[in-house]
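Participant: These are the residues of each chain, in order.
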Amino acid sequence: MNRIDQLFKKKKKNILSVYFTAGYPQPDSLPVILSELEKAGVDMVEIGIPFSDPTADGPVIQQSNHQALINGMSLTLLFNQLAQIRKKISIPLILMGYFNPVYRFGIEAFSLKCRETGIDGVILPDLPLREYETRCKPFFEKAKLHNIFLITPETSDSRIHEIDTKTSGFIYMVSSSSTTGKNQKAKDLHKDYFERVQKLGVRSPCMIGFGIANRSTFRQACKYANGAIIGTAFIKALKKETPPEKTIPEFIQSITG
Amino acid sequence: MTTMNYQVNEDGYYGKFGGAWIPEMMYVNIEELRVRYLDIIHSEEFESEFRQLLSDYSGRPTPLYFSHWLSEYYHTKIFLKREDLNHTGSHKLNNTIGQVLLALKLGKTRIIAETGAGQHGLATATVCALKGLECIVYMGDLDMERQETNVKKMKMLGATVIPVHTGNKTLKDATNEAMRDWINHPSDTHYIIGSVVGPHPYPDMVTRFQSVISKELKTQLAEKTGSEKPARIIACVGGGSNAAGAFYHFLDDPEVELIGVEAAGKGIYTAETAATLFVGSPGVLHSSMSIIMQNKDGQVTEPYSISAGLDYPGIGPLHAHLCKTGRAKYLYATDKEVMEAARLLTQKEGIIPALESAHALAALTQIRFKKEEVTVVNLSGRGDKDMETYLRYFGY
Chain U
85 MNRIDQLFKK KKKNILSVYF TAGYPQPDSL PVILSELEKA GVDMVEIGIP
135 FSDPTADGPV IQQSNHQALI NGMSLTLLFN QLAQIRKKIS IPLILMGYFN
185 PVYRFGIEAF SLKCRETGID GVILPDLPLR EYETRCKPFF EKAKLHNIFL
235 ITPETSDSRI HEIDTKTSGF IYMVSSSSTT GKNQKAKDLH KDYFERVQKL
285 GVRSPCMIGF GIANRSTFRQ ACKYANGAII GTAFIKALKK ETPPEKTIPE
335 FIQSITG
Chain L
3 MTTMNYQVNE DGYYGKFGGA WIPEMMYVNI EELRVRYLDI IHSEEFESEF
53 RQLLSDYSGR PTPLYFSHWL SEYYHTKIFL KREDLNHTGS HKLNNTIGQV
103 LLALKLGKTR IIAETGAGQH GLATATVCAL KGLECIVYMG DLDMERQETN
153 VKKMKMLGAT VIPVHTGNKT LKDATNEAMR DWINHPSDTH YIIGSVVGPH
203 PYPDMVTRFQ SVISKELKTQ LAEKTGSEKP ARIIACVGGG SNAAGAFYHF
253 LDDPEVELIG VEAAGKGIYT AETAATLFVG SPGVLHSSMS IIMQNKDGQV
303 TEPYSISAGL DYPGIGPLHA HLCKTGRAKY LYATDKEVME AARLLTQKEG
353 IIPALESAHA LAALTQIRFK KEEVTVVNLS GRGDKDMETY LRYFGY
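Chains as they are written, first to last, in this note's numbering: chain U, 85 to 341; chain L, 3 to 398.
Only true hints are included.
Here are the computed lysine-lysine pairs in the DSS-like style, where the Cα-Cα straight-line distance is at most 25 Å:
1. U:LYS221 <-> L:LYS18
2. L:LYS231 <-> L:LYS220
3. U:LYS320 <-> L:LYS171
What follows is a set of in silico ranges between Cβ atoms, one per label pair, in the way DEER data are often shown:
4. U:GLU325 <-> L:GLU390: 37 to 45 Å
5. L:ASP190 <-> U:SER300: 24 to 32 Å
6. L:ALA224 <-> U:GLU192: 49 to 57 Å
7. L:LEU108 <-> U:ARG170: 47 to 55 Å
8. L:LEU108 <-> U:MET85: 41 to 49 Å
9. L:GLU34 <-> U:SER300: 30 to 38 Å
10. L:THR367 <-> U:THR218: 43 to 51 Å
11. L:GLU33 <-> U:SER174: 38 to 46 Å
12. L:ASP190 <-> U:GLU192: 38 to 46 Å
Simulated from the structure, these hints should not be mistaken for lab results.
The model shown is predicted, which means the values in this text are computed figures rather than measured ones.
Every residue, glycine too, gets a C-beta built ideally from N, C-alpha and C.
With the hints as constraints, model all of the structure from the sequences given.
Facilitator: Take a look at the structure:
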């Protein structure tokens with residue numbers, strides 16, 4: 085069974101997923117970040133594939149993408165690093181990024197490499213439904229890769245139902261209509277949107293992301309979904325001069341402890 | 003070749019190029035546009051206001067001018083389509099008038115735009131002033147420096163110009179920032195893309211608004227030459243909006259040769275170029291599958307051209323399709339060739355062209371003309387905005 089499915093089978097609430105950009109802050113940060121996140125009790129990780137033009141991201145993740153590219157990160161290097169560390173990590177791993185680097189790598193080659201290195205799912209926000217079905221689905225399914233779709237507060241009920249049937253693994257609920265990293269207070273989270281999705285009775289598990297930055301926003305989001313995803317706040321924490329072995333447990337503790 | 007189709011299909015594709023590679027955060031806005039744009043722009047009310055503004059406000063039809071000097075120099079007949087004589091100094095106003103009217107029909111109150119040379123930003127700020135709409139223009143820091151006069155004009159028109167400091171600080175980066183703005187303002191904002199790039203329906207919508215150029219050409223050529231068909235049409239191409247407009251009504255007539263001219267910068271064998279079709283490969287940038295400049299890892303590379311309006315690492319999907327099918331031919335001109343062509347037109351015809359438009363003029367040296375045939379050069383803009391660059395280059 086896909087590790088994402090296993091996770092949602094055994095844990096229904098308060099699932100914590102963390103996003104970070106591969107190749108940031110150091111070219112070889114990925115293995116130690118993954119180990120520390122698992123050790124700290126994170127349930128799932130989204131590994132960002134850096135891209136030159138991250139149009140859905142705010143300044144912090146733009147900067148981490150930019151630095152990662154300067155550090156020489158590429159899909160080839162990312163898969164090499166993953167192949168080394170995967171044996172020691174058992175939580176589900178997702179690759180998240182923009183379509184062009186995947187397209188350039190080759191969709192079939194990418195799927196095979198994901199399978200080889202133990203990737204469980206893929207989130208490509210600029211890959212629309214129709215393009216996914218015609219170009220990617222056969223390869224992703226063969227590699228047992230979940231392809232996770234996004235919804236936003238603007239997404240209509242009927243489209244949420246459609247996405248619910250087409251997504252695999254879970255639905256990524258974008259908390260507000262914004263790029264990543266917009267600061268939000270827990271009380272400002274779109275409660276009516278979360279409740280609307282709850283009432284629709286979707287079959288897929290839901291994870292809330294974008295603007296989840298601390299304990300209070302995490303807890304608030306977890307009331308309405310199976311869990312939440314933290315990205316920008318974690319990237320910011322990594323920026324500090326302290327080693328990840330110290331930063332990461334402290335950061336995770338500040339969210340879940 | 004006559005059986006080829008050069009219109010966008012239902013899925014937003016020209017052959018293999020195009021589509022709407024958008025994140026879900028842009029879906030509602032793009033879907034609203036896709037569903038409504040054709041009905042709106044074909045409505046009688048829209049058409050009549052659009053036509054009236056083009057004529058009374060922008061000064062259309064723009065003249066078709068027979069250039070004695072160029073014709074003699076190249077031993078042929080060369081006409082200049084004077085898009086430089088539009089209000090605000092370029093063809094860009096055709097599109098911004100259309101999109102502002104469309105935005106009003108969609109009930110939008112806030113307009114955003116990206117700009118490179120500042121011509122699209124200026125055209126957007128102008129129509130927003132006319133219609134009383136809030137206007138925010140994203141412009142690369144480097145371009146703000148290169149095109150300072152346009153920045154000042156936009157500010158005087160009441161627009162907010164936001165400098166973009168990422169990447170090369172040029173057009174690509176300004177476009178990224180405008181897209182982020184739109185994601186963050188999903189309900190009240192319309193994004194006026196300035197070229198035939200971006201997700202469907204933008205390439206088709208902008209092409210339609212610019213197609214007034216080729217529509218006028220047909221009538222004017224018939225009057226002046228006795229035939230509405232020229233032997234060829236030449237236009238510069240960055241994203242490709244003036245070329246798309248100049249080609250549009252001739253696309254299905256294979257007797258008319260269509261030539262686009264890209265900016266080679268310091269040469270296509272150097273890293274400092276913006277000749278996307280010569281150095282690029284298929285990829286997705288700014289929500290459209292087209293030909294883009296990228297490295298082996300699919301990272302978009304930084305373009306270079308002396309002209310801020312052509313300094314873009316992609317090209318509209320229509321042009322990628324016209325290139326791959328052979329319907330249009332694409333050439334390139336280097337900075338040096340462009341400066342010389344601009345100097346000649348200025349001193350022999352008394353017309354100072356925009357750096358962008360001078361690319362089309364520079365490519366004339368690469369064409370074998372017949373004496374009696376008619377060539378149209380689309381002179382997309384005037385050179386006022388480029389005076390600093392010209393003065394520095396020529397040392398006047």
